[in-house]
Amino acid sequence: MTSFYHGSYVRYVIGGLGLQLRRYKKAVRRLFSGPKQPRSILELQAKVEALIVRRDWKGLEAGTNEMAVTADHNRDPELMQKAGQAFERLGNFARAAELRLSARRLRKGKSANDWTGENLGSDTLLIDLVEDDPRSLGRVIRHARLAGAAAAYAQSATIRVEPRLVSILQRTFSKATVIPAQQDVVGDKRATFEDLAWVFGRDAEKLAADFVPLRADPELGETFRRRYRSMTDLPLVGLSWGSKSHTKDVPDFPEWARFIAQTQATFVSLQYGQIKPALRRLRNGNDARLIFDDSVDQMVDMDRFAAQVAALDAVVTISNTAAHLAGALGVPTVFLIDDNFQTAWPVTGDRTPWYPKGIIIRKEGRPWSLVLDEAGRRLSSILTTLSDAPRGR
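Sequential numbering from 736 applies to the sequence shown in this note's numbering.
Read the hints as simulated data drawn from the structure, not as lab findings.
Using N, Cα and C, we set each Cβ at its ideal position, and we do this for glycine too.
It is possible that some hints are incorrect.
[As the list claims (entries may be wrong)] List time: in silico EDC-like cross-link candidates among lysine to aspartate or glutamate, alpha-carbon distance up to 20 Å: (1) K817 <-> E801; (2) K1011 <-> E990; (3) K817 <-> D868; (4) K910 <-> D863; (5) K845 <-> E801; (6) K1092 <-> D945; (7) K979 <-> D868; (8) K983 <-> D868; (9) K1098 <-> D1074; (10) K793 <-> E1099; (11) K1092 <-> D938; (12) K793 <-> D811; (13) K843 <-> E833; (14) K1098 <-> D807; (15) K1098 <-> D868; (16) K979 <-> D945; (17) K843 <-> D811; (18) K910 <-> D923; (19) K1098 <-> D1085; (20) K1098 <-> E990; (21) K817 <-> D791; (22) K843 <-> D923; (23) K782 <-> D1074; (24) K979 <-> D1074; (25) K782 <-> D807; (26) K1098 <-> D1108; (27) K843 <-> E813.
[Stated by the list, open to error] Quick list of simulated restraints, FRET-style, between CB atoms: (28) D807 <-> Q1077: 19 to 29 Å; (29) E957 <-> S775: 56 to 66 Å; (30) M966 <-> R1016: 12 to 22 Å; (31) A785 <-> F946: 27 to 37 Å; (32) H808 <-> D1036: 39 to 49 Å; (33) K843 <-> K782: 39 to 49 Å; (34) S1115 <-> D923: 48 to 58 Å; (35) H981 <-> E1109: 22 to 32 Å; (36) S775 <-> S891: 42 to 52 Å.
Given only the sequences and the hints, what does the whole structure look like? Please build it.
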């Protein structure tokens, strides 16, 4: 069940009906105006979906490879992209990078200006990290450190990102010039998400070993920490619990409230949106256990949000922007991942090379109450380790 991030059941239902209507309209447009997919592709997609439902990852790898071969034969960039995404979830980063780059080239064409990992000398490099949807920052944050690595290959490198991320990326990658998405710029060579993954992201072990955290504003982070520490002697743990998305399965309020009550920590809300009704349900009469800082709005000022996250001892979160930011900052994080095969999180193991200090806990068909019990145990271990070591990451 999806938790109602804003605490309103009526708004949740209305949102769900809107999603169903949009899906229906999209299906109708495809039926009457879109290209008809061959029966073989439809049958292959049905086969892959059945393997996902059974959680047959070995079978899915073979099915995904068949999908990739079919996509290449039919010159189908959408199917090739899906195969690349599936391979990343299955942990085959090399195949994932290859397919995603091929899919982009099928859509956009291959250019002599595409950067392929060579040293550029005096040539300029434009690294384009702009998403079609500016609200979707997970992939941008995940690839940001690769942009920093790419910038070292040119004497002059420019990183173009959504405006909310300019400050933190400029602070982290001081040798590059970071500009907002609306600003036009050209470079002798250009790198996209797919180019970066091809050059730096094909080896999972190396990807983890080369981790470079994003740098939040240290003075602002310390200000947040002093403020929160004045309210409690317990460890400070960030919490993000819900999503607007009706495609995500996350714990509901009673399960989260039980988790908060049983955990020896003071939680700090990292949740976006209008959440005051949700706060009442989560606090359950104990306001001190869940801090809400209305001076922070991640939808407006991501740099301030990053400083808030960096001030914490740990984070517990579902899959969202807060999850990617906490992981990219190097904050010890427990990621709660549902059983839907739709995000970049791996389907096996409890680690991701993108965020080496994070721990992944998947639902795996269990009630969310049991998943949160496991999260509590893993969080306790993290906090014990931190208490035995001097602060600093």
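Each hint tested on the structure:
The straight-line distance between the Cα atoms of K817 and E801 is roughly 12 Å, inside the 20 Å bound, and the hint therefore holds. Distance restraint check for K1011 and E990: the Cα-Cα separation of roughly 18 Å lies within the 20 Å cut-off, and the hinted pair is therefore satisfied. The straight-line distance between the Cα atoms of K817 and D868 is roughly 19 Å, inside the 20 Å bound, and the hint therefore holds. Proposed proximity of K910 and D863 is supported: the alpha carbons are some 16 Å apart, at most 20 Å.
At roughly 24 Å between alpha-carbon atoms, K845 and E801 are farther apart than 20 Å, so this suggested pair is violated. Restraint check: the Cα-Cα separation between K1092 and D945 comes to about 13 Å, which is no more than 20 Å; the hinted pair holds. Distance check on the hinted pair: K979 and D868 sit about 15 Å apart at the alpha-carbon level, within 20 Å; holds. For a cut-off of 20 Å, the pair hint linking K983 to D868 stands: about 18 Å separates their Cα positions.
Restraint check: the Cα-Cα separation between K1098 and D1074 comes to about 6 Å, which is no more than 20 Å; the hinted pair holds. Under the criterion of a C-alpha separation no larger than 20 Å, the hint pairing K793 with E1099 is consistent with the structure, at around 16 Å. With a CA separation close to 18 Å, the supplied pair K1092 and D938 stays within the 20 Å bound. With a C-alpha separation of about 24 Å, the suggested pair K793 and D811 falls outside the 20 Å cut-off, and the hint is violated.
Pair hint K843 plus E833 holds up; C-alpha atoms about 15 Å apart against a cutoff of 20 Å. Restraint check: the Cα-Cα separation between K1098 and D807 comes to about 34 Å, which exceeds 20 Å; the hinted pair is violated. At most 20 Å may separate the alpha-carbon atoms for a hinted pair to count; K1098 and D868 exceed this at roughly 28 Å. With a C-alpha separation of about 33 Å, the suggested pair K979 and D945 falls outside the 20 Å cut-off, and the hint is violated.
Restraint check for K843 and D811: satisfied, since their Cα atoms lie roughly 13 Å apart, inside the 20 Å limit. Between K910 and D923 the alpha-carbon distance is near 18 Å, which keeps this suggested pair within the 20 Å criterion. About 12 Å separates the Cα atoms of K1098 and D1085, which keeps this hinted pair within 20 Å; it holds. For the proposed pair K1098 and E990, the alpha carbon gap of about 14 Å is at most 20 Å, so the pair holds.
For the proposed pair K817 and D791, the alpha carbon gap of about 17 Å is at most 20 Å, so the pair holds. A threshold of 20 Å between alpha carbons decides the hint, and for K843 with D923 the separation of about 18 Å falls inside it, so the pair holds. About 18 Å separates the Cα atoms of K782 and D1074, which keeps this hinted pair within 20 Å; it holds. Only pairs whose Cα atoms come within 20 Å are accepted, and K979 paired with D1074 is accepted, the gap being roughly 17 Å.
About 18 Å separates the Cα atoms of K782 and D807, which keeps this hinted pair within 20 Å; it holds. Taking the CA atoms of K1098 and D1108, the gap is near 11 Å; set against the 20 Å cutoff, the hint holds. A threshold of 20 Å between alpha carbons decides the hint, and for K843 with E813 the separation of about 12 Å falls inside it, so the pair holds. Hint check: D807 to Q1077, Cβ distance near 23 Å, so the stated range 19 to 29 Å holds.
The hinted window of 56 to 66 Å between E957 and S775 holds, with their beta carbons roughly 59 Å apart. Take M966 and R1016: their Cβ atoms lie about 21 Å apart, and the range 12 to 22 Å holds. The hinted window of 27 to 37 Å between A785 and F946 holds, with their beta carbons roughly 36 Å apart. Between H808 and D1036 the beta carbon distance is about 48 Å. The supplied range of 39 to 49 Å therefore holds.
Distance hint for K843 and K782: a CB-CB separation of about 29 Å, inconsistent with the stated range 39 to 49 Å. Here the CB-CB span from S1115 to D923 is close to 52 Å, well matched to the stated 48 to 58 Å. Restraint check, H981 to E1109: a C-beta distance of roughly 25 Å satisfies the suggested window 22 to 32 Å. Hint check: S775 to S891, Cβ distance near 48 Å, so the stated range 42 to 52 Å holds.
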